[in-house]
Amino acid sequence: MFALSAYFFSGCSNDYLDVDQTESISTKDIELFNNDAGAATFVTAIYSKFLDWNMTSFSWIGLSSIASDDADKGSSPGDTGSDKDLMDALTYNASTPSTSEIFAANYEGINRCNQALSIIPQLDKADPALRARLLGEAKFLRAFMYFTLVKTYGGVPIIDHLPNPSSEEDRVMQLTRKSSEEVYAYIENDLNDAIAALPNKSAYPASERGRASKGAAYALLAKINLYQENWQKVVDNCNLVTGYSIVSDYASMYRLAGENDAESIFEIQGTGSVPAKGISGYSNTQGARRAGGWGWGFNTPSVSLVNAYEEGDVRKEATIIFAGTTLYDGRVVPLTVENPRYNYKAYSSAFTDGWETDTNIKYLRYAEVLLMKAEALNELGQTTEAIPLLNQIRTRAGLANTTAVLQGDVRTAIWKERRVEMAMEHDRFFDLVRTGQAQAAFAVDGKTFVTGKHELFPLPQAFIAQTGGLSTQNPGY
Amino acid sequence: MEVNLKLLNNRLKGSFDVYDKTTTNVILNTRPYITSGISNSSPAHVGEVSNKGYEIALRWDDKLTDNLSYWVGGNYSNNKNELTGLKDATLAPIHGGDLSNGQWTKLLDNTSIGRPLGSFYLYEYAGFDATNGKMLYYTATGTKVTQDALDENKDKKYVGSILPTSTYGVSLGLNYKNIDFSVDGYGTSGAKVYNGKKAQRFTGENIEESLATNFWTVNNTTASNPAPFNLVPAASTYYLESGDFFRINNITLGYKITLKGEFLNSCRIYVNAINPFITQKFSGFSPELNGNGDPYGTQGIELDAYPTLRSFVIGANLKF
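Chains A and B are the protein sequences, given in the same order. Note that the first sequence ends on residue 476 in numbering that gives the first Met the number 0; no numbers are left out. Note that the second sequence ends on residue 319 in numbering that gives the first Met the number 0; no numbers are left out.
By construction, these hints were calculated from the structure, which means they are not laboratory data. Among the clues, some could well be false.
Incomplete in silico selection of chain B near chain A, CB under 8 Å [unchecked claim]: (1) Tyr32; (2) Ile33; (3) Thr34; (4) Ser35; (5) Gly36; (6) Ile37; (7) Ser38; (8) Thr89; (9) Glu240.
Positions of the beta carbon are idealized from the N, C-alpha and C atoms, including for glycine.
Given these sequences and hints, build the entire structure.
Right, dumping it as structure tokens:
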């Protein structure tokens, strides 16, 4: 059939055969979007990507959490969750779906950013101030996704505009890995543009507090600086994250009432109400399994994490659901559930077993800004200024001030505080690699972390095959 | 290149063709690069398909007397079809030859380069286990396993195409006084056909007779068929058979009566046998399986094909 079509088409290539498709509205016809609401849809589409299954759900849970020492695969022994046993044991490879999906999903999001950045400037009938802000949001979100890519895979191709399918230059751009330094520089550039364009969180109406703000861009920039050990810049950018404070009740942040609270800088927004729109399957895959449960039972907090909490730390009970206890909303989790522990931060009270729930993911919180600043100050030799910041976090958790005084002890104390403060918030694996603690920490958790290999995840084999030699796989895979 | 010849007082005519044709810009669905962030496939002019072969046709006509003439003709063609390239595109794989039971039999993707179009992509059958009658298949590493242990991504292989490598035909005829006689036949070789009917047996489908009469039991461990089982059988070479056949599709014998009536000028009465004989290796009804005509559709797959009919016709041509 195809061979036959070729006979027909090779003979006539007249332009009148090229008819625009009418199945869907083409973005070529931008006049349809040439108003405020139309312009906003291009950025809404980027936020929406974060609710997708391949972006923020099962694969991301496997890669960022189950692979770390904070969590185990969980669920029943026979249910691998397609590859979560491999993620847990650090035996994944270049064809493992969890590692491949995160790569593809983030580039899908980046494509939406590039669409927005290409089309919004052409919408001259939309409010110029609105357009500027939307472009800032798109740049923040693109930076966010490149940060996910660079800390997961190392250097990756930088797609900075919509590729033209017939351009050789664009083909090479899409298939050639850049160095991680180039990716970080690109992220910084996007964030600086975002900082210039975005308003403070407080300037948004209450219903739009989930949008990227100037504070979020500064906080993400500080985190980029942290990963590059650019300590003075970490301090400077943390100081520019203003208008936030840590809330008094740690547990409240992971409930509906705590969404977009005073501590929240950037989070992924789920609404379980009609029409349901939440992170696809996020709560359900992590919900308690079997009799008395409501989900698949994956990503269970590890013994290593339980042991990391000091006596009296309120964060333990706020992070971990223990079988045989009663939750804050009165739900009893009986001992008949499959696993002894589950992730409390993925729990939705109102839409417990729903596929899309009101659960949010807190990606940037003011507590982390304080800890980043403390770490950077300590590295700069200003240990005495770092300690009070650390103690602020400890006090909220119901703990006494730290006993660490020397720079090395304070460093260890801050790292440990990061772990328990941000447990199950998809930061731990990357934090272990960043700080060089990975091998020792994984040994405690009974896993073998191979130095020189496991710092990075493998790029998808399908991508390596497409590059035809323009890019090479990460070492060890 | 083409050569035509006429020899021996025009009694022998023939032609000989050799060709090597490459078709470029075949339209196939391609996948964008992963980093483009677009997951929908789109059609593009990427395929290159080569057809190489030759065709021979010969015909001998002779008139021995005014009352007796005869002819013998034949043709033969050989063709090698191959997907030779896809530029740098990544194809959206086509899993074709659907058996309507969740199994598919043909694959077109980037691994298909160097294969003919319409190639079957199946597990390789490894006989059945004599101890329990279960069908076994080879894995990629060569070990024999039952179908639950097969890996769809690794263990299937290319095992031939629906396209024949050779086709041929013969025709001969004789006229003697008022009697005319002719025979036509044709055949192909090199094609593979899939006996999907042999695998369907849940709700009253046609099955092969041997399946009901000769299957593995503890007392018949060398039967021609495995033990009955209640799974959808994996698409494997067990069901793939040679499509070679030769068919006599026409035999005609006629007698012309010359009349001098005012009303009727002439009358020819004839007997005609349509598809009277076929020799085939295929165990199903007919190896001529055009299906829906799509090499990646049901072409070459027998599921519920209606057998080719054998008919005998007696008739008369009247001229007024």
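Status of each hint after checking the structure:
1. Tyr32: OK, holds: Tyr32(B) within 8 Å of chain A, min 4 Å.
2. Ile33: holds (5 Å)
3. Thr34: Check passed: Cβ of Thr34(B) comes within 5 Å of chain A, closer than 8 Å.
4. Ser35: Since the shortest Cβ distance to chain A is 6 Å, the answer is holds.
5. Gly36: Holds - the Cβ of Gly36(B) comes within 8 Å of chain A, reaching about 3 Å at its closest.
6. Ile37: holds (6 Å)
7. Ser38: Result: holds, 7 Å to nearest chain A Cβ.
8. Thr89: With a closest approach of 6 Å, the Thr89(B) hint holds.
9. Glu240: This interface hint is violated because 24 Å lies over the 8 Å limit.
The structure does not agree with numbered hint 9 stated previously, though it agrees with all others.
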